[in-house]
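Asks: Given next are the chains, with one letter for each unit.
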Amino acid sequence: MKIYRLSFLILAALSLGCSKDDAEYIENPQFDLRVPANFSEPPEFPDNPLTTAGVALGEKLFFDSKLSGDNNISCATCHKPELAFSEGSALSTKGISGKPLLRHVPTLINLAWSQNGFFWDGGSKNLESQAFAPLAHEDEMFQDLQELEEELKAELEYIELFENAFNSEIKINLVMKALAQYQRSLIFADSKYDKYIRNENDVELNQQELRGYSVYLDNCAQCHQSDLFTDDNYHNNGLDATFLNFSNDEMFLGRYRVTRNPDDIGKYKTPTLRNVAITAPYMHDGRFNSLKEVLDFYNSGVQESETLDPLLIQNNKIGIELNADDQEALLAFLNTLTDSKYL
Amino acid sequence: MKINYISILVLLIISLSSCSSDDDAISTDLTAASPGELAITFDNQVGDTDFVLNQEFTINSQTVTLNQLRYWVSNVSLINDQGEVIVIDDSYFLIEETDAISIQDGAYEYPATKRETITLSGVPAGNYTGISYAIGIDSKYNDNLSLQAGELSQLNGMTNISWMWHTSYIFTAIKGKIVNSESVLKLETGLNDSYRELTLNFDQALVVNASDTSDLLIKADITGMLQGVDFTETPVIGASTPEAMNLMADNFQNATFSLEKATDENL
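Listed in order, the protein sequences are those of chains A and B.
Counted from 1, the first sequence has number 243 at position 243 by full-length UniProt numbering; the numbering is strictly sequential.
Counted from 1, the second sequence has number 75 at position 75 by full-length UniProt numbering; the numbering is strictly sequential.
No wet-lab data here; the hints were simulated from the structure.
All C-beta atoms, glycine included, are put in the ideal place defined by N, C-alpha and C.
Just so you know, not all the hints are guaranteed correct.
The following label-pair restraints were derived from C-beta to C-beta distances [claimed, not checked]:
#	chain 1	residue 1	chain 2	residue 2	range
1	A	N233	B	T232	38 to 44 Å
2	A	K317	B	P235	20 to 26 Å
3	B	Y108	A	D249	22 to 28 Å
4	B	N60	A	L33	51 to 57 Å
Only chain A is shown next, with the shape it has when bound in the complex (with noise of 0.2 Å):
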């Protein structure tokens, strides 16, 4: 059987010819990532390859509180760079309705290698189409998208941004695409540990640190996967021991709300360990305010349920018990994941 295609843009796409195109590519050059040496390539995003211009307008969209309806609140209003882009409360009011949202602000680190989902439960498949949710929701941004257009139209430098950036007049989808690239951009490895790890300058981990790390080996990096200090995948490390609350298109059943699988009820993706130093309070819901409660909770607070983790089940006892010297050095450990390039 022969199958053809048939395209209505014929005309313009002979008009505009593909030269256009190669001359844009020159004059907007690939946005230049430097992929750590201890980190994978990332990878690609043919449908939004990083530029340079590509960039820069993601990371002026990104601070610009004319993206919210009344023009008081941009992404880092949520996402503070000195905070790692995250908030610093349990759950933020920062929204325009001022109610407390249902889940804490996660930071934004190395998300060009995140590639299962955002949000905690992964409801979101791409940073492209993520965007639109804080935009629109009436909790956080509550941006007419149309108007949106139109306000970033009235604004000269705006047009030649996107000029530069997509070789286009502005567009909702192409707002999405620049602050998709700017946060891909972020890139946190130049932490105490990183030096370490690459041999950089001679950086040493002190004997704390160093027992730390081998607490950290032994009892978090399956999930907490180094380099990046998390697995991105979702698990259940045992917060609740219940799930019965239904509200709210059950999102207060985790994952499960995205895949509909029993196996997934009260799972969450992991979040990275980088900056956890700054970016208290902690878990999805914001529920500790220290890195002593977090251990704590491993320590003697992990609920049984029947989606847990069986990581968190060691010599039939349930959580991961760590003694008070191999907690303090966990803690000199974690310190030394801080990268405070953005900060």
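Given chain A, work out where chain B should sit, using these hints.
Replies: Leaving out everything else, chain B in the frame of chain A:
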């Protein structure tokens, strides 16, 4: 001979593919042979009665009124009497009959709209024996709202963007109420699992040529869309009612569309 020429061209273009896509090259060639126009009308009906917004209808033994009926028709292709398939690129069409809709929880309003007909121009002249299309949006576009094709838009209320935890398209939306109980009906499908393809064959070949617009009249039966749906049990269908959503998706595939007329005469 011509076919050979086309496929050589395709290979050539694919191998050089830095420039324009293979699609353009082939269609350029095809449209050179005096193409015609094809108008496809989706005639929404309840059983055998024409559908009217906000009018009482009995469906599944309940009296209901609907103020919104919207669905994406996508990935259209035509089959000709040579057994060839003509794929209509970028074919994403929103078929709808709806009252004004408040979008993003009231941020703005989408105007009342009735749209049943899509017109394909540049269709290669030929004798066509069938049409295939899908209801919903294929995963490539459903998974990435920033990709643009056809009528896909984030601005018309057929996305789940204002619903915080899924960012993808709504495939079909039927909204209204049960008259007796005043209970609201909000019956939606979406998510990649609800994407369905179907084919309708014509009894007689439909001629498309440059001389006149040819017409396809497809009946879309709302009782079919809702077959087996229990309005009392599931007045709201969506991601958290996967079985009901699956039933509706199957209905769109198997119980909804039938060919009323395929003609090159004026309708």
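Asks: Next step is simple, just say for each hint if it's right about the structure.
Replies: Here is how each hint holds up against the structure:
Distance hint check: the CB atoms of N233(A) and T232(B) are about 40 Å apart, consistent with the given range 38 to 44 Å. A hinted range of 20 to 26 Å for the beta carbons of K317(A) and P235(B) is inconsistent with their spacing of about 47 Å. Y108(B) and D249(A) have their C-beta atoms about 23 Å apart, which keeps the hinted 22 to 28 Å range intact. Between N60(B) and L33(A) the beta carbon distance is about 55 Å. The supplied range of 51 to 57 Å therefore holds.
Of the numbered hints stated above, the single one contradicted by the structure is hint 2.
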